[in-house]
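Here the structure of chain A is known, so what remains is to put chain B in place on it, guided by the hints.
These protein sequences, in sequence, are chains A and B. Residues 1 to 320 in the UniProt record's numbering are what the first sequence spells out, letter by letter. Residues 1 to 285 in the UniProt record's numbering are what the second sequence spells out, letter by letter.
Hints are supplied without guarantee of correctness; some may be wrong.
As the list claims (entries may be wrong) - Non-contacting residues of chain B with respect to chain A, defined by C-beta distances greater than 12 angstroms in every case (computed):
#1 6
#2 101
#3 149
#4 166
#5 174
#6 180
#7 182
#8 198
#9 206
#10 229
To be verified - Chain A regions said to be covered by chain B (calculated; three or more residues, Cβ under 8 angstroms):
#11 109 to 115
#12 249 to 262
If you're looking for bench data, these hints aren't it; they were derived computationally from the structure. Keep in mind it's a predicted model, so treat the numbers as computed, not measured. Backbone N, C-alpha and C fix where the C-beta goes; we use that ideal spot for every residue, glycine too.
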Amino acid sequence: MQIYLYDGRELAIKRFVLSMTFIMLVAAVVAGCSKSIDASVYNTDCEFYLEGLPEEYNLLPDEIKKETGVWIRLGSVTSDRVYEVLLNEENGFRQSVEGLIPGKYEVNYGVTNSRYSRLRVKVDINNIIIEKNNHYEIPAYMADPSEFVREIMNLQPQDELLNADIFSRKVQYNGRIIDLYNIRDEMKFVAPKDKRLAPKETIEIPSSDHEGVSIIVQNQTQKYIEASEATFTGVRFSRNNNVVFPKAITLGTSLRDLAHASEGIMGTPDYCLGSPVVYYNIDATILVYVDKNSGDRISFHYESGKSYVSSITYEFEKYE
Amino acid sequence: MSALMKVFNVIKINLLSLLAFPLLLISLIAQLIMKAFEKALVFLGVGAAVIGLVILKAICKNPSGFLEGVTLIIVLLCFLGIISVIVLTVVYVFGSLASALSLLLITAIKFVLDFIFEISYRGYSALYEICETDHDALLGKSQSRYWSFACVFWHVLRLVNFVISKILSFILPLSVIASICLFGYSVFFIHSTINENLGIGVFTYLSLFPAVDAAFAVLYYLVLMVGIIIVILTLGYEWKELADSLEFGDSGLLLVLPDKTNGQIQLSETKPELLTGSSEERKAD
Numbered sequence: 001m002q003i004y005l006y007d008g009r010e011l012a013i014k015r016f017v018l019s020m021t022f023i024m025l026v027a028a029v030v031a032g033c034s035k036s037i038d039a040s041v042y043n044t045d046c047e048f049y050l051e052g053l054p055e056e057y058n059l060l061p062d063e064i065k066k067e068t069g070v071w072i073r074l075g076s077v078t079s080d081r082v083y084e085v086l087l088n089e090e091n092g093f094r095q096s097v098e099g100l101i102p103g104k105y106e107v108n109y110g111v112t113n114s115r116y117s118r119l120r121v122k123v124d125i126n127n128i129i130i131e132k133n134n135h136y137e138i139p140a141y142m143a144d145p146s147e148f149v150r151e152i153m154n155l156q157p158q159d160e161l162l163n164a165d166i167f168s169r170k171v172q173y174n175g176r177i178i179d180l181y182n183i184r185d186e187m188k189f190v191a192p193k194d195k196r197l198a199p200k201e202t203i204e205i206p207s208s209d210h211e212g213v214s215i216i217v218q219n220q221t222q223k224y225i226e227a228s229e230a231t232f233t234g235v236r237f238s239r240n241n242n243v244v245f246p247k248a249i250t251l252g253t254s255l256r257d258l259a260h261a262s263e264g265i266m267g268t269p270d271y272c273l274g275s276p277v278v279y280y281n282i283d284a285t286i287l288v289y290v291d292k293n294s295g296d297r298i299s300f301h302y303e304s305g306k307s308y309v310s311s312i313t314y315e316f317e318k319y320e
Numbered sequence: 001m002s003a004l005m006k007v008f009n010v011i012k013i014n015l016l017s018l019l020a021f022p023l024l025l026i027s028l029i030a031q032l033i034m035k036a037f038e039k040a041l042v043f044l045g046v047g048a049a050v051i052g053l054v055i056l057k058a059i060c061k062n063p064s065g066f067l068e069g070v071t072l073i074i075v076l077l078c079f080l081g082i083i084s085v086i087v088l089t090v091v092y093v094f095g096s097l098a099s100a101l102s103l104l105l106i107t108a109i110k111f112v113l114d115f116i117f118e119i120s121y122r123g124y125s126a127l128y129e130i131c132e133t134d135h136d137a138l139l140g141k142s143q144s145r146y147w148s149f150a151c152v153f154w155h156v157l158r159l160v161n162f163v164i165s166k167i168l169s170f171i172l173p174l175s176v177i178a179s180i181c182l183f184g185y186s187v188f189f190i191h192s193t194i195n196e197n198l199g200i201g202v203f204t205y206l207s208l209f210p211a212v213d214a215a216f217a218v219l220y221y222l223v224l225m226v227g228i229i230i231v232i233l234t235l236g237y238e239w240k241e242l243a244d245s246l247e248f249g250d251s252g253l254l255l256v257l258p259d260k261t262n263g264q265i266q267l268s269e270t271k272p273e274l275l276t277g278s279s280e281e282r283k284a285d
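The following block holds chain A by itself, in its conformation from the complex (with noise of 0.2 angstroms):
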């Protein structure tokens, strides 16, 4: 069945729709979709504030610090409401928030970068309960200082990987000059059962009693043979671990220290691989150096929205 309208009726209903639509949009744009609160009424305030950051922390590079940040999130346990803040260096790790709505709050807590600032921390309340009128303090600490200055400490390049040659070969790691070459006597690395490499191809194989770390193996023989009988070519450094190279090089060195043609450590690379764009989320960048009279060849990876050396692979005489 069919409804006929007469004209001038269709046209009222039409307005009447669209007026409604208007004034809904309107009062939408004016007031907001979600009834808003003056929480101000309830006079509440909460500090957040980190406690007890050693001074060794701003020997970490600029780069990381930036990306540093620890934050604690208030999240209601009967509603959606949350508040989070941010404390990082920018606000002096403290930040306070004026205006909670009363209620009881779960308190969550972590840290931005941890992987490269080895910054944690612990907040000792788990639950808070703001009540009208009142101020109310939640501080976090370190949750191991001493570790965390001992880590920054390692960072610190003695004098004599100071003036050694990029190439050498040496490099600190957990605060001792070790030899790249003879790292399979420092740390133990297990190769893949049952792992058969092919002619010509490649792995990693990662330590297992440090963290980050890992060797470069390759088959180079002319048939199928096992991972562990492949030859050793180089180590790769990733993560949080502490590993120093000559001239002070280490994860999380911005790009312009490392590869300014006249201020850099290095200067402008031999070649670089993954794509141009350093810094934006398209791809990694990869920075490769190579020594002419050793082989040696050591690249600099930049993973994807990094500006500085996420991972650093070292790899011996591969003459390229």
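Coordinates of chain B only, in the frame set by chain A:
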């Protein structure tokens, strides 16, 4: 007219002119956005070009790997014909559904914008009419023009009217200038960033990368820039068309004339007496 009435009229004109401002802006913004929506295809084109480049790069970087993948798909298509047909049907159905939904969404948004424009423009025109009539009455034939100076917001409204019309009439050359500036700035930004961080020029930097990576980086950049520039230029062209459909009436009111191509803007058709007649004619009526 008594002095009290004149004061009352001045206040009324200023208040109504103030009210007319947001309506003028809303109606204009609604029109500009509506025109921009008609360029949705350009945005889709840029997206498709980027996806095409990603596929092309995958082929160039690892031709055997890509061909292996394609071969595998062909084999799967041959051996699993029925499943492929079902999958394709589902993709087709969902694709059609998605395109229909997009079309519906765009139509709905345009409908809402059109309605917002219609309402706000009607309001604006009506307020303009009242202000103009009252202003003319305030002046009269033999009276002082000092009363006119008191209607500050009325004159500001007329000025805004005029400025908008002028800006829109220059929108096409402005969009060309904006495109050139954007392109120039992007090249400068890239060069200065590379120079600051690496101390070398763009071309030296690109020469450090394998030819494929460097070429695709340049291609990505060009596709993005060309896409943005096309969007700016087409928006400029669309808004220029809008500017062509705007003109001042005898009274100085910014008029929206019917669209020459599809008659989208219907205001002057529905209320010609409001939009085309001069205030003197209307008063005479």
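Hint-by-hint comparison with the structure:
{"no.": "1", "hint": "6", "in the structure": "holds, 34 angstroms"}
{"no.": "2", "hint": "101", "in the structure": "holds, 20 angstroms"}
{"no.": "3", "hint": "149", "in the structure": "holds, 34 angstroms"}
{"no.": "4", "hint": "166", "in the structure": "holds, 29 angstroms"}
{"no.": "5", "hint": "174", "in the structure": "holds, 29 angstroms"}
{"no.": "6", "hint": "180", "in the structure": "holds, 23 angstroms"}
{"no.": "7", "hint": "182", "in the structure": "holds, 18 angstroms"}
{"no.": "8", "hint": "198", "in the structure": "violated, 5 angstroms"}
{"no.": "9", "hint": "206", "in the structure": "violated, 6 angstroms"}
{"no.": "10", "hint": "229", "in the structure": "holds, 20 angstroms"}
{"no.": "11", "hint": "109 to 115", "in the structure": "violated (count 0)"}
{"no.": "12", "hint": "249 to 262", "in the structure": "holds (count 6)"}
Checked against the numbered hints given earlier, the structure breaks hints 8, 9, 11 and satisfies all the rest.
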